[in-house]
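J.: Make a model of the complete structure from these sequences and hints.
The listed protein sequences correspond, in order, to chains S and D.
Quick note on my numbering: the first sequence kicks off at 1 and runs consecutively.
Quick note on my numbering: the second sequence kicks off at 1001 and runs consecutively.
Think of the hints as simulated: they come from the structure by calculation, not from any bench.
None of the hints are false.
Examples of chain D residues toward chain S, derived with CB under 8 Å: (1) Pro-1016; (2) Gln-1017; (3) Ala-1020; (4) Leu-1064; (5) Asn-1067; (6) Leu-1069; (7) Ile-1070.
Backbone N, C-alpha and C fix where the C-beta goes; we use that ideal spot for every residue, glycine too.
Listed below are the residues making up each chain.
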Amino acid sequence: MSRPVVAIVQFPGSNDDRDAAWALGALGADAALVWHADEELPPETAAVVLPGGFSYGDYLRCGAIASHAPVMDAVRRFASAGGPVLGICNGFQVLCESRLLPGTLRPNRQLEFVCRDVSVQVENARTLFTRRCEPGQTLVLPVKHGDGAWFTDPATLAELSARGQIALRYTEDVNGSLDGVAGVVNEAGNVMGLMPHPEHAVDSLLGSADGGLLLAALVDAAAEHLALVAETASA
Amino acid sequence: MKATVLVRPKEGILDPQGEAVGGSLRKLGFDVTRVRVGRVIDLEFSANGTEDARAQLERMCTELLANPLIESVEIELADR
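T.: Rendered as structure tokens:
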């Protein structure tokens, strides 16, 4: 089977785009770096990653300016067609500001940048992105963010919990995130955002390979999306 | 047209920045009980009268300037 192409969006200030490309390459995908000013994704795109970084210098609110970048219209179309989209750290912030994911990321409760390995628990192992994990499995992943406290209103939190949209929770208080939420998926299940960095945890030589479980699941989802698109086109 | 948009953390929303500033002011000896830190945005733009200006400002706030989940806005339109 040919390797699915994962488009990785580069905003001005993205800085984990190449790590994501390397990690996905090691896990069986071909990465295509896409510039934020592009109005289309490459036609062969089978999944999209919005990488970590500090897009547009985090001006106004993290991810707010990037959510209006030309490429984001293409990402919205891709997501609404069922394409898998993963936002990591700043990418999560961009997805929330784009309203592709519920809630928003606020400054860390302790007002300090956190940069260390944390453990997160898989709350829902049936999502497109967590299905290579065991239910309740603990993953060790690095975080490095100043604005990682996820927040939403109580009614939305209750709905998200009931629908299994809370994918990952910190096992400790990392940043004051509401209910310890570390990663959420959208209602359709094809868009996920998380603050920890799976792309920095794909080799045990670097401390942890747990991120590989999430990214390999993304590569699976990319291959499945391609197959589905091909099937639809031939029908 | 000139306008000022005041963006504040919504009532009930934790404002760690305000708390840190409050703590610092207390350290300086001020009897400060509450600090909330927001943002001031001054704008100059073209509009057809105040009604249009206000409508545009409201759209600017919804689409970019504030996040309604956590922030409230107050729009001040300059007379001329």
